[in-house]
Every structure is written in structure tokens, then in C-alpha cells.
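Asks: Sequence order for the protein chains is A and B.
My numbering numbers the first residue of the first sequence as 1 and each following residue consecutively.
My numbering numbers the first residue of the second sequence as 1 and each following residue consecutively.
If you're looking for bench data, these hints aren't it; they were derived computationally from the structure.
Predicted, not measured: the structure shown is a model, and the values here were computed from it.
Treat the hints with caution; some may be incorrect.
Calculated cross-link-like contacts (lysine-lysine; reagent style BS3-like; alpha-carbon spacing at most 30 Å) [as the list claims (entries may be wrong)]:
1) B:13 x A:155
2) A:181 x A:168
3) A:186 x A:107
4) A:107 x A:300
5) A:107 x A:17
6) B:43 x A:228
7) A:186 x B:13
8) A:181 x B:13
9) B:55 x A:107
10) A:181 x A:17
11) A:106 x A:17
12) A:281 x A:107
13) A:168 x A:186
14) A:162 x A:17
15) A:168 x A:17
16) B:13 x A:228
17) A:281 x A:228
18) A:300 x A:106
Covered stretches of chain A, going by a simulated chain B footprint (3 or more residues, C-beta under 8 Å) [what the hints assert, rightly or not]:
19) 145-151
20) 268-280
21) 291-299
We put the CB at the ideal spot given by N, CA and C, even for glycine.
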Amino acid sequence: MYNPRDIINLIGANVRKSRNPFGIPSSQINTWWREAPGFTRRPGDALLLTGLMYQAIPYIEATTRYLERLEDSRWADYLRFAPLSRYIPSFVVGRGLACLTSRAEKKQFNRILVSMCRLLTQSAADFFYHPEMDFYSGILLYDLGDQEGFVEHAKFVARNLKLHGVQKIITVDPHTTYALKELYPKYTGVSFDVQPYFALLRPHQVSRGNGRPPVAIHDPCFYGRYLKVSEMPRQLLTDLGLPYTEVRNCGEFTSCCGGPAESVSPALNREILDRRVAELKASGAPVVTFCPICLANLLKAGLPVEDLASLLDRNW
Amino acid sequence: MALVNPDFAEELKAFGVDTALECFNCGTCAAICPLIFEHFPRKMIRYVQVGATEKILQQAQELWRCLHCGLCTQTCPRQADPAELILGLRRYVVDRWRRA
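With the rest of the complex left out, here is chain A (with noise of 0.2 Å):
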């Protein structure tokens, strides 16, 4: 194990330098809406807000990498080297982790965003999306015990989605869903209305999907217990006549992936994921989650799983 304050004192510096937990420009993250012409800049209701979580994941897994392969040998304590980073250019730090990054996880991640706004727009939802008013919410530092620092850059987000007149904002994913739902009228006095894309799909046909070999649903904590919307993604399969399965602990009850120890413990991480794997691959039946940390940590351990919007998309 780490130890937490290295990491904290990293993820803090980092959010600091550049807005986001890596340190890098959030313009090298954030590249989906680039290949998804039609969907960015156009008038709208509801601001589309990704969080820059789906975005982030090639990054973290290629960090990730590195801390699990140097956890608990004597290399760990020179992480509380790591925030003097900052007195790197965030381009140059960008510049060495993009090449850490595999071209094809950043395809893979940035098409489910891609596959989310082509529902929304078949669903005909208003919505516009602005890449320099997507924020990361800073929901890791609230994690992590960072209050000082989540409260700081929470306060930043609120006021500047506030100063561009935003009032409505569909989430992609549960942590940032969480953030700007429960903790941003909390911590920053600012509300916002905020609604995961799911809930506002809407299948036209019905029965599209008969046929088909059930999926086996993975519920993410914080959309089956902290946010309790398990049934909205079921009632969409169902809609769509896509059958599932449940598996052992889903919905309220649902059994963690291992993913939010990854940044302390990578080793922790893999003897959670193991034993959550054990319950989904009794099922013998495909996954399919709606979290982006959970997505990565089952492909991980080598799991048929795909996310929701993937799906639906293919199945629309």
C-alpha cells in the first residue's frame, strides 16, 4: 500500500496545476467530441458534462500500471517526490504519459461517449456540449479526504458553469453524477439539476433485441446504493427487449469492483475485483456495467463486459 498522503499530496498538486488528477492539460484528455461531429457547440437545454472520467481511464490504467508494479518495494517512498511535477509544464508531463497511453483504449472509451450522444440526440434530448465547460468534478480529493482541495476546485466548477448560465446537466457517469448532485449543493451552495443520460433515453421500437443471450448487470456503487437508479438502465434493456440476468449482490447490494482503491492500493484493488469476478462469471453470461472505473477494472480481469451505451447503441 501507498501511503495516502503521497498520493493525496500528488493528486492535490495536480488538480491545482491543471484542473485535473493527472497534471497534464485537460485538452489531451478530453479529444471524444473531435470524431463525434454534430454533437459540440449547438444550442441546447442541458449541458452534457462527461467529468473527464471516460476520457481519463487509458491514463489512469497506464498509471496504474506503474504503481502496481512498484507497490511496497522501496521505489514506493519516492512518490513523495511526485507533486515537485508541478514545477514541470503540464505539456511536457502530457507529452510523457501520452506515450504511456495506448492509442486503442483511448478509441475504445472515447466511442462510448460518442455511442451516449447518439442516443441522447435519437432520444431528442436537448443538450449542448462545450469541451473548455467540461470539468473533472474533483471527486477523488473528496475520496480521498481532501476537503480543502475538493472544496476549492468544486467552488471553481460551480462558478464557472454558473457564469455560462448552466442550469441543467446530463451526467455519463455515477462518481461525477454523485459530485454535482450531493456534494456540489453542500460544499458550494450552488445547485445544479442533474441527470445521468440514462434516464432520459427513450426507445421508440420495442423488441429490437429478442433473441439475444441475456447480459449479466454489474451495478456500480455509487448508481445502486449512494444515487439508487438501478432500474432505470434495467427498465431501458427491457424496453428494448434485451434480456439480463441478476447476479449475486446487484442493485442496493451490489459488490464493489475493487476500482476506488486502485490509486492506494493497487494490490487491494486486484483481491476485491478477484472475488467480484467470481460472482459475475458465475452467471456465464456477458457483463454489462454503466461506470467507467468498473468497466476498466473487469476488462482487467479479462471479463466479456461492455458498457451500457455500447449496447444500447448497437441495439437502438
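Could you slot chain B onto chain A? The hints should help.
Replies: Quick look at chain B alone, frame taken from chain A:
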């Protein structure tokens, strides 16, 4: 021997924790916690109740093993919100580190 601070649960309110004294130490949280690790989080909650701040600071690293998955809060029969309590303790420890 450990020093205890009976007012600690009160002090923790500044870090967003006001349910520590609701807990009656039934251990449901430790039983359902996916960490299966040394009576976590029950042990930490007990330390809060008796104000064993030295013990908390000595074992502070354990707090960051918590996945914040919320199963303990979901199943707590006393609505003591163990997940939020652990998060509050992290804030307390980070504050101590920064002030040290």
C-alpha cells in the same frame, strides 16, 4: 496505555461526522465490509466513541483501505453511517497532517 478524549466525537462534527455515538457496535458493518480486515470499520468507530485519537493516528493508513462502497451504511441498523464516518476520519487525519 492510551489516552482517551471523551469530547472527540464532538470535535469530529467539524469534519462532517455527527453519527458516531449512534453506533452500538453490533459489527454488522465489519461483517459486510468487502475488506474483511481486522474488524474494519467497527474498530475505528469504537476508537472514535472512546476518543482514542492516538490509536486512530497510529493506524491512519487503514482508513484509506476503505472503498467507500457504502455497504456498511446500507446495512447499519442504527443509521450510524459508517462509510461517512470513515470519510470524516480521513478528513480529520489529513487536517492533522497538514497542521503538523
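Asks: Are the hints correct? Go through all of them and say.
Replies: Evaluation of the provided hints:
Using a Cα cut-off of 30 Å, the hinted pair residue 13 (chain B) and residue 155 (chain A) holds, with the two alpha carbons roughly 22 Å apart. This hinted pair checks out: residue 181 (chain A) and residue 168 (chain A) have alpha carbons roughly 11 Å apart, not beyond 30 Å. Between residue 186 (chain A) and residue 107 (chain A) the CA atoms are separated by roughly 36 Å; this puts the pair beyond 30 Å, and the hint is violated. The straight-line distance between the Cα atoms of residue 107 (chain A) and residue 300 (chain A) is roughly 17 Å, inside the 30 Å bound, and the hint therefore holds.
With a C-alpha separation of about 26 Å, the suggested pair residue 107 (chain A) and residue 17 (chain A) falls inside the 30 Å cut-off, and the hint holds. For a cut-off of 30 Å, the pair hint linking residue 43 (chain B) to residue 228 (chain A) stands: about 28 Å separates their Cα positions. Of the supplied pair hints, the one linking residue 186 (chain A) and residue 13 (chain B) holds, its CA atoms being roughly 15 Å apart against a limit of 30 Å. Distance hint between residue 181 (chain A) and residue 13 (chain B) is fulfilled; the C-alpha atoms sit about 23 Å from each other, no more than 30 Å.
For the suggested pair residue 55 (chain B) and residue 107 (chain A), the alpha carbons sit about 47 Å apart, so the restraint of at most 30 Å is broken. Taking the CA atoms of residue 181 (chain A) and residue 17 (chain A), the gap is about 25 Å. The hint holds against a cut of 30 Å. Note on residue 106 (chain A) and residue 17 (chain A): the hinted pairing holds, with a Cα-Cα distance of about 23 Å set against a maximum of 30 Å. Simply put, residue 281 (chain A) and residue 107 (chain A) have alpha-carbon atoms about 27 Å apart, close enough for the 30 Å limit, and the pair holds.
For the given pair, residue 168 (chain A) sits about 17 Å from residue 186 (chain A) by alpha-carbon distance, which is consistent with the 30 Å threshold. Note on residue 162 (chain A) and residue 17 (chain A): the hinted pairing holds, with a Cα-Cα distance of about 22 Å set against a maximum of 30 Å. Under the criterion of a C-alpha separation no larger than 30 Å, the hint pairing residue 168 (chain A) with residue 17 (chain A) is consistent with the structure, at around 28 Å. For the given pair, residue 13 (chain B) sits about 27 Å from residue 228 (chain A) by alpha-carbon distance, which is consistent with the 30 Å threshold.
This hinted pair checks out: residue 281 (chain A) and residue 228 (chain A) have alpha carbons roughly 24 Å apart, not beyond 30 Å. Restraint check: the Cα-Cα separation between residue 300 (chain A) and residue 106 (chain A) comes to about 15 Å, which is no more than 30 Å; the hinted pair holds. Check on the segment 145-151 of chain A: 4 of its residues sit with their Cβ under 8 Å from a Cβ of chain B, so the three-residue criterion for coverage holds. Coverage of a stretch by a chain is defined here by at least three residues with a beta carbon nearer than 8 Å to that chain's beta carbons; for the segment 268-280 of chain A and chain B the count is 3, and the condition holds.
Remark: the segment 291-299 of chain A is not confirmed as covered by chain B, as 0 of its residues place a Cβ nearer than 8 Å to a Cβ of that chain, below the required three.
Hints 3, 9 and 21, counting from the list given before, are not met by this structure.
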